[in-house]
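J.: With the hints as a guide, bring the two chains together.
For the record, the sequence lines run as chains A and B.
Basically our numbering = 1-based index in the first sequence + 83.
Basically our numbering = 1-based index in the second sequence + 1.
No wet-lab data here; the hints were simulated from the structure.
Treat the hints with care, as some may be off.
[To be verified] In silico DSS-like cross-links for lysine-lysine, where the CA-CA straight-line distance does not exceed 27 Å:
#, chain 1, residue 1, chain 2, residue 2
1, A, 367, B, 54
2, B, 42, B, 187
3, B, 63, A, 299
4, B, 50, A, 300
5, A, 155, A, 318
6, A, 299, B, 128
7, A, 378, B, 46
8, B, 280, B, 363
9, B, 54, A, 372
10, B, 50, A, 375
11, A, 162, A, 318
12, B, 248, B, 63
13, B, 363, B, 103
14, A, 162, A, 242
15, B, 297, A, 300
16, A, 370, B, 54
17, A, 300, B, 63
18, B, 103, A, 299
19, B, 187, B, 161
20, B, 59, A, 299
21, B, 46, B, 59
22, A, 299, B, 299
23, A, 162, A, 204
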Amino acid sequence: MNRREFIKKNIYAGYLLYSGIRLSDNNVSSPVKNSKIVISNDDSVRIKDFRYNANILSSMLDKSMNNLFGTKSAVDAWKMVVNASDIVGLKVNCLSGKRMSTSVELVNAIISKLLKAGVKKRNIIIWDRMNIDLERAGFKINTKGSDVKCIGNDTAGFKNELAIYGEIGSLLSRTLTDYCSVVINLPVLKDHGIVGITLSLKNFFGAIHNPNKYHKKIGDPYIADLWLIPDIRNKTKLIICDALTAQYEGGPPYKPQWVWDFNGIIVGQDPVALDYVGWKIIEKKRKEKGIKSLKEVGREPNYINTAADINHGIGNNNPDRIEVINI
Amino acid sequence: MKTKITRREALKRSALLCSSLVLGNFNGFPNFQSGDYDDFKVEAKYYEKLPNKRIRCKLCPKECEIDDMERGFCGVKENIDGKYYTFVHSKPCTVHVDPIEKKPFSHFLPGTTALSIATVGCNMDCKYCQNWQISQLRPEQCQYYFIPPDEMVDISLKNKSPSIAHTYTEPVIFYEYMYDIGVEAKKKGIKNVMISNGYINPEPMRELCKYLDAVKIDLKAFTEEFYEDICVGELKSVLDTFELLKKEGIWFEIVYLVVPTLNDSKDEISQMSRWIMDKLGPDVPVHFSRFHPQYKLKNLPPTPLKTLELLRDTAMNEGLNYVYIGNVPGHEAENTFCPKCKNIVVERRGYLITSLKIKNGKCEYCGNKIPGVWS
Numbered sequence: 084m085n086r087r088e089f090i091k092k093n094i095y096a097g098y099l100l101y102s103g104i105r106l107s108d109n110n111v112s113s114p115v116k117n118s119k120i121v122i123s124n125d126d127s128v129r130i131k132d133f134r135y136n137a138n139i140l141s142s143m144l145d146k147s148m149n150n151l152f153g154t155k156s157a158v159d160a161w162k163m164v165v166n167a168s169d170i171v172g173l174k175v176n177c178l179s180g181k182r183m184s185t186s187v188e189l190v191n192a193i194i195s196k197l198l199k200a201g202v203k204k205r206n207i208i209i210w211d212r213m214n215i216d217l218e219r220a221g222f223k224i225n226t227k228g229s230d231v232k233c234i235g236n237d238t239a240g241f242k243n244e245l246a247i248y249g250e251i252g253s254l255l256s257r258t259l260t261d262y263c264s265v266v267i268n269l270p271v272l273k274d275h276g277i278v279g280i281t282l283s284l285k286n287f288f289g290a291i292h293n294p295n296k297y298h299k300k301i302g303d304p305y306i307a308d309l310w311l312i313p314d315i316r317n318k319t320k321l322i323i324c325d326a327l328t329a330q331y332e333g334g335p336p337y338k339p340q341w342v343w344d345f346n347g348i349i350v351g352q353d354p355v356a357l358d359y360v361g362w363k364i365i366e367k368k369r370k371e372k373g374i375k376s377l378k379e380v381g382r383e384p385n386y387i388n389t390a391a392d393i394n395h396g397i398g399n400n401n402p403d404r405i406e407v408i409n410i
Numbered sequence: 002m003k004t005k006i007t008r009r010e011a012l013k014r015s016a017l018l019c020s021s022l023v024l025g026n027f028n029g030f031p032n033f034q035s036g037d038y039d040d041f042k043v044e045a046k047y048y049e050k051l052p053n054k055r056i057r058c059k060l061c062p063k064e065c066e067i068d069d070m071e072r073g074f075c076g077v078k079e080n081i082d083g084k085y086y087t088f089v090h091s092k093p094c095t096v097h098v099d100p101i102e103k104k105p106f107s108h109f110l111p112g113t114t115a116l117s118i119a120t121v122g123c124n125m126d127c128k129y130c131q132n133w134q135i136s137q138l139r140p141e142q143c144q145y146y147f148i149p150p151d152e153m154v155d156i157s158l159k160n161k162s163p164s165i166a167h168t169y170t171e172p173v174i175f176y177e178y179m180y181d182i183g184v185e186a187k188k189k190g191i192k193n194v195m196i197s198n199g200y201i202n203p204e205p206m207r208e209l210c211k212y213l214d215a216v217k218i219d220l221k222a223f224t225e226e227f228y229e230d231i232c233v234g235e236l237k238s239v240l241d242t243f244e245l246l247k248k249e250g251i252w253f254e255i256v257y258l259v260v261p262t263l264n265d266s267k268d269e270i271s272q273m274s275r276w277i278m279d280k281l282g283p284d285v286p287v288h289f290s291r292f293h294p295q296y297k298l299k300n301l302p303p304t305p306l307k308t309l310e311l312l313r314d315t316a317m318n319e320g321l322n323y324v325y326i327g328n329v330p331g332h333e334a335e336n337t338f339c340p341k342c343k344n345i346v347v348e349r350r351g352y353l354i355t356s357l358k359i360k361n362g363k364c365e366y367c368g369n370k371i372p373g374v375w376s
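Okay, chain B solo, but in the shape it has when bound (with noise of 0.2 Å):
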């Protein structure tokens, strides 16, 4: 791995990821299309059959009780005749070239691209949802592209990204596609990484690591009363998904975006860090989010610098290595810190890198291992 970026190089890279991210100008793209919501469905990998026709669905901790034509909370599967069915296999609403660091990941594959994809729907209904235009719609309301598993591989291929990423809505709502493309994507050297709320039953979330390489959750709030009040979840399922990720070993990354007054308290955020470092550990890295008013919570002003840098500090004096600041483009805590020897390690700006400083795993300046996937 390249230890120094040159300047030529990085106006190079710089110029590649402006046109992806203004034109969405990638190779393999098929035709959007807006066909009957049910002509393609998939039977759902977990749910349970009830009797007279009812099913319970055993994917996410809400477990939905569905009747015969009737959907769960998120609205993307139907049971139909006493079968679960997912109406969102191979029917991406969006498909984009990003930075990795957009999702964002710090110590995942740096200043490589991830070709991002969602389906419409979501296990949540947060407040200040940013994607709430694709995250709350049902399968009728929105276009789709029909890209099965292999082929969104090979589009990944095409485009040089080194990895698939599952995003912008919630991965867990279209598991059975996720979990498909992540067994094409192994087969052919393509990582997949899931962004996600981590509000997934357990036995899901196990299988699904087999295919995984990278996990993001943003942790909401560190309340019960958050979870319920502001995004309809809970935050236990949560945290035992965190566990069960450091038990089998995939890489993650929490963001905890700042919402003023409702989430911002030093008590929360100094809780939150010892029970990240009593239960995962220092080197996980956390990136406190600005928040900015959407969808119903518009009556919000965006999250103050100083609530940010206080939160952060705060995380650090618990004893976490790697706390970011995101949504504050040119903001010294976007960089890397080697916490043994205080060297920034990675650069970045924005959603560039300027520089990298790590080798085989490692601080350049110290020897100190620095925690990630680095290639």
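Chain A with its partners taken away, still in its complex shape (with noise of 0.2 Å):
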């Protein structure tokens, strides 16, 4: 190395200090990338009331999945996110019935997905908490053969071992520690009656044997603590949030007064710029029907940004740093 570069990797190193220390200052946490997250839109994804059409459904995640990577090929893509030895959990929500759950055409159009990019069949597993919740849903329950397997918590079984992390203290889905190498992350956007909201941060509550003992105080922090778990944080590579039917308010379960169609999917990698996103989609909502912020009516998602203060750095909060693309 010779004295000139010496002097620039120093400038460089003490620049990213200095950035570390104020954002410190500031309590949120310093990743070195901005977060990218793409919204796609198609009106005519929609044939009627919630059903959907699959090659424009096909479509909208092919240019999702190109914007996000920098890919020209959405197999190229995919393939940054899994491997053909993957076993890749699609942890979708259904505890909502068919109208606010992840949908069948969007899961199925993203099994297409990773079967191009290599992964075989039989590795793919479509989780929630419990069978009945993915029955409700519209998914077909399957624990064997060389399909693609649907499995509940209750079914799959639980860890034995406590996991704690901050104030969690949960045993762990057996689909998510033993089973999955890969998890993708399927939220729906949706309000929630205690939290504020329930996108991706919380979508893995259906990950543990607890959820009830953690709605208190909006969610705050257990909802940015359950993102701790190594194997929450480490093995979540992709998160595709179903907003093709939304809900602004009265969630989790499906209220028909309250939704509307947005028609979209949200797609990202980072959880807490996704759910950023997602919750401001939610307050301009809220706005244009003429119904209060979350703030206001005492459910303002503060643990997004839990999620992304100083000990927690599960991504980004700061609009700046979130780099929206619209499609």
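T.: See the structure below:
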């Protein structure tokens, strides 16, 4: 290394150090990279009510992935998320029946992309809290054979050892800990009557045995603490938020008077940034509909900020560092 | 009631007790099952319907507001289309025959057994819970027996247990089951006792008192801070429950688990004792129990014996008459002393009664009345 290079590296290191200190003062984490969130909308995706066009969904997914990863081929983008040997868990959100859960069409579209990327069919697992939740949302339980698996935690079971991270003390789903090497997080864009919104951060309440204990204090810091669990943080490589039908009030159950056809998907790798963007979309809709903001009704999702703080460092909540791409 | 137990009787009781403890061996026991968690559900007794299919649970002071298809903090009840159902009625996950001393009760039918049952679930989340493997589960996460209330009473009769104890987890959350067992038990002369955290709203507690014979309440600490940080509960409501029990004339005892550095200050115990003296009177038995590291609180040591003894002395100096030390087998403070003549009126070794000197509710030595349920 010559003298010039040495000085250049020191200046850069000094800058990073300074940035880090400055950001810590604001209690915000300092991920080096900005976060990219891609929002893809297409009104023609909706055939009728809650049925969606598979070809258009496929195209929306391809465009989103290429934009997110800067690739020209969607297969290349998927290969940046999974290897052919991976066992891929698709963590859907199915607690609200067929109309306000991760849609079967979107999951099928994702499965076809994974297959093209070389993942074996038998190594794909659709999972959530209970079999009955999955069935209500339109998925078919399957635990055997060479086809895609679909299984609730009530069948897969939980680890015996408690995972204690921050304020969380829980048993973890074996699907998450023992079976999956990669998880794709598939939340739904919707309001939550206790914790404000339920998107990618909260979706992993479906991976623990006692989520009912962690809704108090508007989920703060519990939802953020959940992401301190290594199996959740390290295995989650991609988030695809189902925003085809979204809900801005009265969630998490389906309430027809408060849903709207967003006809989109929101894709990213940073759960904090994605939730921040989703939160703002919901707030905008609330304002448009003349109802109070989540802060005004006492449900502001501060756990998003907690997830971004120096103790968690899960992602970006600073809008200046979130690049939102609308396609 | 016999006043002295012979050596032969003591050995016989010990043998029976050991076999029931070790083997869980008793009559009329059904097979374990793990069916669909929602194959049998009963509508909850205390809740309020809200707009848009939401409900507010009115059973415990948490008063969870719950949306359709969701559950509250306890995890055992679900809002289904605007109606609130319990999934644990008739579905105990554990059933044992225990000595009543294990609950612990020191002034309630000493030397007898209680058919002791629990379902999964709790409305608190104490960081040191010793039964968290069942108290912190949801119905679908645990196998259970299907035992309707009348059958449970029959099992109690077959096993010659004069009481049924709702214990181990938190009976408040299986209120409907406990209540219905109480109704059936009363018909057949079996007593119904609740081992609880006392975190329940006044109305359901008052109604339940019609079918309860004794209550043991865990007073977790005497500060709101401890209740909030360590237990996710609230002291005020628990104190209200004590006052309600006193008013209703139900026999009750208090257990205070002494957690090193968190609730073991002499000042706190003085304050608590003064409150008990003022609101409940000097005759409420108080058991200071030894903590062992459990669940999420493994970084603290077991309670030093000296601390337990100091706190017992503190409570007695404030005027409480019956103060025990628990989880320390063989300690002198397991025994019941007559506060007047200071003689031992109930001598214990662990869960065994080795001598009983109470006749017609009075000390055999001096005739002083010893409060409790003795027959």
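J.: Does the structure break any of the earlier hints, and which numbers would those be?
T.: Going through the list in order, the structure violates hints 7, 14 and 18 and respects the others.
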